[in-house]
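Chemist: What follows is the residue order along each chain.
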Amino acid sequence: MASEQVATLESHQYDVLVIGSGGAGLRAAVQAAVPGVKVGIIGKSLLGKAHTVMAEGGVAASLGNLDPWDGWETHFYDTMRSGHFINNYRIVELFAKEAAQRVLELEEWGAVFDRTPEGKIMQRPFGAHTFRRLAHIGDRTGMELLRTLQYKAISQDITVHQEVTITKLLLDSDGRIAGALAYYRSTGKFVLFRAKAIVLATGGWGKIYKVTSNSWESTGDGASLAFRAGAELMDMEMVQFHPTGMVWPPGVRGLLVTEGVRGEGGLLYNSEGERFMLKYDPERKELSSRDVVARSIFKEVQAGRGTPHGGAWLDITHKGPEFIKRKLPGMYEQYLTLADVDITKEKFEVAPTCHYTMGGVRVEAESCATNIPGLFAAGEVACGLHGANRLGGNSLADLLVFGRRAGDGALAYVQEHGSLPQVSESEVEQEMDRVLSPFSVTDGENPYLLHEQLQEIMSGHAGIVRDGPMLEEGLAKLMDLKVRAQNMGVTGSRVYNPGWHAVFEVQSMLTLAELIIRGALARKESRGAHWRTDYPDELPEVGQWNYVQDLDGDAVRIREVAVPVMPPELSQLFDRGVAPGVYASQQQAKEK
Amino acid sequence: MSEEIVLSIFRGDAAGGQEVEYRVPLTPGMVVLDAVHQVQAHQAQDLAVRWNCKAAHCGSCGAEINGHPKLLCKTRLDDYVGETVHIRPMQTFPIIKDLVADVSWNFEVAKKVPAFQPSVPVPFKMQQFDVDRIQEFHHCIECFLCQDVCHVLRDHNAKDQYFGPRFMVKMAEFEMHPRDGGDRVPMLAHEAGLNMCNVTKCCTEVCPQHIRITDNAIIPLKERVADQYWDPLRALFRKKKAPAATGQSVQG
Ligand SMILES: Cc1cc2nc3c(=O)[nH]c(=O)nc-3n(C[C@H](O)[C@H](O)[C@H](O)COP(=O)(O)OP(=O)(O)OC[C@H]3O[C@@H](n4cnc5c(N)ncnc54)[C@H](O)[C@@H]3O)c2cc1C
Ligand code: SF4
Ligand code: SF4
Ligand code: FES
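If you read the sequences in order, they're chains R and G. Residue numbers for the first sequence follow the numbering used here, so the first one is 1 and each next one is one higher. Residue numbers for the second sequence follow the numbering used here, so the first one is 1001 and each next one is one higher.
Worth double-checking, as some hints may not be accurate.
[Stated by the list, open to error] Covered by chain G, per the in silico footprint, the following chain R stretches (three or more residues, Cβ under 8 Å):
1. 96-108
2. 149-158
3. 165-177
4. 246-252
5. 299-307
6. 456-462
7. 491-498
Treat the hints as calculated values from the structure; they're not laboratory data. Here a beta-carbon is modelled for each residue, glycine too, at the ideal position from N, C-alpha and C.
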């Protein structure tokens, strides 16, 4: 017998429901909110607080404001290369072609980027981008992006539901998306959303790891919800460790040190004062791709050349206080207030931190449609753009390009399928019972402590370095933890109860952690962020696959699916050995 | 390092409550939010607190520490060694539970702020020195600590008469944008209640982003209101975008 009845539930109906009010979700909502279409947007936090707010370094777009040789082809080239060619080329192509327009759109809506001497949008260099490409506002670009979209959204006819957690996606009897069940975090009361189409924009799952730059929200709820509803997830083994997180003091371990520090000239040293990146990547040095820099720091520490707290030194003092305070004000303040370190005067310790999840819900390039009719996905929760390694700045651009496309995709779907699908009352009632069940467990497992144990397992067994036995052992530990997690219990009432909220989030993370390990076991090679010491090389025969996982009944099924093959007009961009923009400039120089 | 810190945290909701003492081990560099999380994990699972970034970027964790509006994630505990640290929710807003206040009023106000209206098509040509002034306003993390401390809202509960300092910063951001074609002066003069502010500067003092709210946002806005309502000719020269409302007579 259900403890609550569907008939008495608060409920809302939308044409397009957007789950997630980060950059991708807001951009999708802004796009879908055309006259006559009812749009709602939901977030676990207050409006304007989503994880996107933390992004620092910039948004990548080939505006070519400083380097006129930049263009979409070079952005495409850099993104495919850094993704080690398991990206979906079509997604990358659309992305590279549209990013610049999306950035200008932000300017039109009130974002104020730093300027070049000619008065254009300033662009900074970043790891593995051939040209200076990241439009930025000091080191708080994510906040500017989110705030701009937030104010744009509230000026439109969009209903915002704040501090609401979705616990289940609901399908109709034909398997079409029909809605979602949620509860208000403040009251603990359930709320039913019925919708013709849903855009999933719930972000990543960096909180699965112990040392992480991610906000509490990044527990992968959306990917896990979609997976349980039958969606296909892809490239789950691909987790990005950013080379530079804070190391000390303990409370800030993992907090991000933006790549902007290296972009603006910061240099890395080991404990012996050696600038070790010259050894690992003599060409790109500190601005090599993230997987390479993170592994290099890891190797230096392993070799006994780490700093006192197990990292590397980052030094930008040679740029002078005025420059640093102007270009990296957030970093300056962060180190001063949280670590008592003045980065204008001294070098500081950094070490890799879990940062981004490249894997996620498999989507179609043009519309961001998933394999579930009516369900679209965009932003970090989706998969296909970044391949085996994400380039800095490409995520914020991703949110804009594919947030917009998902909004359009959902709109088109709604226009095609006019009616509101039915949800099953018994399914809703069962879900309410499930969500409330931790209240009736006495002496249950503490969700906070289970989360810590999950993080230990994943950091120890499926982190920056992996091998077969290590992953197998991790999987076994994880399965034990899953059993214990069935007995999570909570105390207190339903009113703003973070312990209760954590139960659902731990469940989401457990689901995805298993997929990360299974994906990592399946990919028997090293590629980008996925580094296996038992298969240390990139293997062409493995590189032709993406690993796709979905549910087969209750069991996880994993399949090799061929990476889409580029048409000749795109693949020829890689034939010359240098980036298209560089090639063009060399050709012109020759002609002169 | 077995030093302990004593926290006295407000536990309760709209119906009332009281401070409850918790002891947590002090670790180097610990901030108040770390200690609150310790309590949550080990002593009071249901202790309600808002946070997101733990890096002073998101503005979720505003509360009152020993009576001062502060961010929990930016306030170091070594500043309080030997003292009991009293932590309460922001007092200007209704309480939901424990350290979580109901700040929804701010989002209602935000909706009233007229959006940015570009006066020319993008891409804009603007020099860095043109935008330096407004970029300061873009640092706002919407923590609402300035709203919490402003006596107009806090002591006089005049939420129906004044938008509060946060939204003066927001209006200034659009209003002083070199490519904005809107005119928010009539709203500032009337509905937004700019004249309610008597420039006590308490808001500036608590702003964790060091925005000079009063000097750089509120006072220039007051000047614009004065110009437009008392000296329409000067306003024309000052604001070349020549808002339609310039000649409007003083209402109310
Ligand atoms: C410190 C840091 C710095 C970064 N810097 C950069 C940078 O300089 N450039 C760059 O390109 N990228 C950067 N990134 C990456 C980038 O910020 C993220 O990948 C991006 O913001 C993700 O945006 P999103 O819209 O996909 O999701 P998010 O911003 O994570 O938003 C997810 C939304 O979904 C909601 N949600 C989740 N689960 C549920 C649920 N169950 N029910 C309801 N709502 C839910 C959340 O509340 C939130 O509103 C950085 C990341 C970090 C951590
Ligand atoms: S200066 Fe004005 S806005 Fe700021 S606290 Fe004082 S009265 Fe409030
Ligand atoms: S102006 Fe300062 S104090 Fe006020 S909300 Fe913004 S950041 Fe917070
Ligand atoms: S948690 Fe984001 S400002 Fe404190």
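Chemist: Each hint should be assessed against the structure and marked as holding or not.
Modeler: Hints, one by one, checked against the model:
Counting residues of the region 96-108 of chain R whose beta carbon lies closer than 8 Å to any beta carbon of chain G gives 4, which reaches the threshold of three, so the coverage claim holds. Here's how the region 149-158 of chain R fares: 4 of its residues keep a CB closer than 8 Å to some CB of chain G, so the rule of at least three is met and the hint holds. For a cut-off of 8 Å, the count of residues in the region 165-177 of chain R with a CB near a CB of chain G stands at 0, and the three-residue condition is violated. Only residues whose C-beta sits within less than 8 Å of a C-beta in chain G count toward coverage, and the region 246-252 of chain R has 5 of them, enough to reach three; the restraint holds.
A stretch counts as covered by a chain when three or more of its residues have a beta carbon under 8 Å from one of that chain; for the region 299-307 of chain R and chain G the count is 0, and the coverage is violated. Residue count for the region 456-462 of chain R with a Cβ under 8 Å from a Cβ of chain G: 0. That is fewer than the three needed, and the coverage hint is violated. Coverage of the region 491-498 of chain R by chain G holds in this model, with 7 residues showing a Cβ closer than 8 Å to a Cβ of that chain against a need of three.
In summary, the numbered hints that this structure violates are 3, 5, 6.
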